[in-house]
Amino acid sequence: MSPVFDGKLVIALGERDGVAGPAIAACAKAAGGEVVFSATECFV
Amino acid sequence: MSQPVVSHAAQVLAHVPGLARHGSKPSRELPRKTEVLEQFLGSLRGFDEAVAYLPHQAYIGAIHPRELPARPWVGAGPSASRFTAGGEIMPEEEFLGVLACLDQFGLVTLDREVADLAAAALVRHPLAKQLDLDRLGAAAGDAGAVAAEHGSLPLHIDRDRLAAGFRRAHDSDDALAAAVLLENLACKATGTLALLHLVEDHGIDPDSIDYVISCSEDAIGDRYQRGGGNMAKAIAEAAGLGQASGADVKNFCAAPVPALVVAGALVASGVFRNVAVVGGGSLPKLGMKFQGHLKNGLPVLEDVVGGSAALVTTDDGVSPVVRLDGVGRHRVRAGSSNPQIMEALGVEPLEQLGLSMLDVDDYATELHNPEITEPQGSGNVPERNYKTLAALAARRGDIAREAIPEFMAERGMPGFAPTQGHLASALCYLPHAVRRLTSGDANRVHMIAKGSLFLGRMTQASDGMSVLLERNQGSPVL
Numbered sequence: 001m002s003p004v005f006d007g008k009l010v011i012a013l014g015e016r017d018g019v020a021g022p023a024i025a026a027c028a029k030a031a032g033g034e035v036v037f038s039a040t041e042c043f044v
Numbered sequence: 045m046s047q048p049v050v051s052h053a054a055q056v057l058a059h060v061p062g063l064a065r066h067g068s069k070p071s072r073e074l075p076r077k078t079e080v081l082e083q084f085l086g087s088l089r090g091f092d093e094a095v096a097y098l099p100h101q102a103y104i105g106a107i108h109p110r111e112l113p114a115r116p117w118v119g120a121g122p123s124a125s126r127f128t129a130g131g132e133i134m135p136e137e138e139f140l141g142v143l144a145c146l147d148q149f150g151l152v153t154l155d156r157e158v159a160d161l162a163a164a165a166l167v168r169h170p171l172a173k174q175l176d177l178d179r180l181g182a183a184a185g186d187a188g189a190v191a192a193e194h195g196s197l198p199l200h201i202d203r204d205r206l207a208a209g210f211r212r213a214h215d216s217d218d219a220l221a222a223a224v225l226l227e228n229l230a231c232k233a234t235g236t237l238a239l240l241h242l243v244e245d246h247g248i249d250p251d252s253i254d255y256v257i258s259c260s261e262d263a264i265g266d267r268y269q270r271g272g273g274n275m276a277k278a279i280a281e282a283a284g285l286g287q288a289s290g291a292d293v294k295n296f297c298a299a300p301v302p303a304l305v306v307a308g309a310l311v312a313s314g315v316f317r318n319v320a321v322v323g324g325g326s327l328p329k330l331g332m333k334f335q336g337h338l339k340n341g342l343p344v345l346e347d348v349v350g351g352s353a354a355l356v357t358t359d360d361g362v363s364p365v366v367r368l369d370g371v372g373r374h375r376v377r378a379g380s381s382n383p384q385i386m387e388a389l390g391v392e393p394l395e396q397l398g399l400s401m402l403d404v405d406d407y408a409t410e411l412h413n414p415e416i417t418e419p420q421g422s423g424n425v426p427e428r429n430y431k432t433l434a435a436l437a438a439r440r441g442d443i444a445r446e447a448i449p450e451f452m453a454e455r456g457m458p459g460f461a462p463t464q465g466h467l468a469s470a471l472c473y474l475p476h477a478v479r480r481l482t483s484g485d486a487n488r489v490h491m492i493a494k495g496s497l498f499l500g501r502m503t504q505a506s507d508g509m510s511v512l513l514e515r516n517q518g519s520p521v522l
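Sequence lines, in order, name chains D and U.
Each residue of the first sequence is one higher than the one before, starting from 1 at the first, in the working numbering.
Each residue of the second sequence is one higher than the one before, starting from 45 at the first, in the working numbering.
Read the hints as simulated data drawn from the structure, not as lab findings.
The beta-carbon is built from N, C-alpha and C at its ideal position, and this holds for glycine as well.
Watch out, some of these pointers could steer you wrong.
[To be verified] Using C-beta positions, here's what the derived DEER-type ranges look like:
hint, chain 1, residue 1, chain 2, residue 2, range
1, U, Arg479, D, Val4, 52 to 62 Å
2, D, Val36, U, Asp266, 54 to 64 Å
3, D, Glu41, U, Arg479, 27 to 37 Å
4, U, Arg110, D, Glu41, 27 to 37 Å
5, U, Ala120, D, Glu34, 44 to 54 Å
6, D, Gly7, U, Pro383, 28 to 38 Å
7, U, Gly271, D, Val4, 40 to 50 Å
8, D, Glu41, U, Gly341, 18 to 28 Å
9, U, Asp485, D, Val4, 47 to 57 Å
[What the hints assert, rightly or not] Among the chain D residues that face chain U by a calculated CB cut under 10 Å, a handful are:
hint, residue
10, Val19
11, Ala23
12, Ala31
13, Thr40
14, Cys42
The following block holds chain D by itself, in its conformation from the complex (with noise of 0.2 Å):
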């Protein structure tokens, strides 16, 4: 994956229903990030 988050620090806030919070986490940190906070959250 292309190091687009190089240097970046990101917060991965997942939706239940959508995508989880460990996923996207596993994507931005394939992308150069650093995963400092992951969460999934529930809106109903």
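With chain D's structure known, arrange chain U on it following the hints.
Okay, now just chain U, sitting in the frame of chain D:
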């Protein structure tokens, strides 16, 4: 092994606009801005409006969700009855009376006029004989003085009329604070009402029920064991089930399905003959999306707490069978995206039984009312689930891609449940499922529930469970 069946189900709503301000979101937001409080109070619905609201009529079983007209549903309903055979919508003054009747610790002090109002209404209620109405007199007093005590909460009716004071049960234990106990007592009261309707409306001997499983969301306990329980036995006692014991099954919104499966397993194994599954309402979720409602000129739509009860019993040759060999579970390694969860819950158990997705007539997933969720940007939850299920059916080759809308319309349904978490998660469909699988023409209903475990910050995972209900071979489609 006897195959377990679901013989009856009951569902209730308590219309509590006065308690809506004690929902988690309003209780944090309203004290900050007087103008928002005024707008909130001015946007609360009256009882007749709440009864006529068609999703509420669907919830208490008066109409099937697929019979709901196109939205908007707000303001669209004709006048309707508050009672069905197996449920009701209860007005707030009666519900405050029920809270007082079920309070064993002097938590509720009703304003004297409100106590008289509640007594006069409840004495005419079909369940009056099952309620200890003498407690109403004992609970009457100076509500204003109690509400002014340190740690107490004021409760209101008619939007802003003081109706009761609600005391804390301990000076320094946050688990026994007034707000927590109000949540728990409201949960107990709605669960009890649903269980009483189950027993009374269907002529079930209360002493025949051996065990009660609560799938309610609220956490009962003190500071040494927050969430320790046991709501089930409290509800069993309150409903007069003298021979029953009980315990709670907790799994966030997914709890109803594991509760049904555990109940079915207890019956199938012969441990118990009759097990009631009960879910009381969730007061913290009142007014959860009120900001979106006010912004869009809607009334505060989250103004009801729900309750649900069902009886799981031995095979009577008629009632829908709980297929214990058709249980889907979300494994730790299954992945947490919605398609992965739906595959685990909606597809795998059918494959195990050699069924296609077209062998299921109704999929009961999370059936939150989209008229409540969309104005706050939370989307249409059931529609998302049905899209995923239909896409999985297309991927399996059960349907053509072009047939996805038809699959969604015929085997799905509009969301009709209030945003009461666990009650909206398949459980709300149980009265309809029993009807469809007995007097209706359905052969299978798939109950699918998901739970947001990550909210408790102990895992990033979610969970879910599904169970297949099937027409009893002794009850063929006519």
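Results for each hint:
1. U:Arg479 to D:Val4: 52 to 62 Å: With a Cβ separation near 54 Å, Arg479 of chain U and Val4 of chain D satisfy 52 to 62 Å, so the hint holds.
2. D:Val36 to U:Asp266: 54 to 64 Å: violated (36 Å)
3. D:Glu41 to U:Arg479: 27 to 37 Å: Given a distance of about 36 Å, which is inside 27 to 37 Å, the answer is holds.
4. U:Arg110 to D:Glu41: 27 to 37 Å: holds (31 Å)
5. U:Ala120 to D:Glu34: 44 to 54 Å: At 51 Å between Cβs, range holds.
6. D:Gly7 to U:Pro383: 28 to 38 Å: With Cβ atoms ~33 Å apart, the hint holds.
7. U:Gly271 to D:Val4: 40 to 50 Å: Holds: the Cβ-Cβ distance is about 43 Å, inside 40 to 50 Å.
8. D:Glu41 to U:Gly341: 18 to 28 Å: Since Glu41 of chain D and Gly341 of chain U have Cβ atoms about 27 Å apart, the given range 18 to 28 Å holds.
9. U:Asp485 to D:Val4: 47 to 57 Å: holds (55 Å)
10. Val19: Holds - the Cβ of Val19 of chain D comes within 10 Å of chain U, reaching about 7 Å at its closest.
11. Ala23: holds (7 Å)
12. Ala31: violated (19 Å)
13. Thr40: holds (5 Å)
14. Cys42: Where the cut-off is 10 Å and the nearest Cβ of chain U is about 4 Å from Cys42 of chain D, the hint holds.
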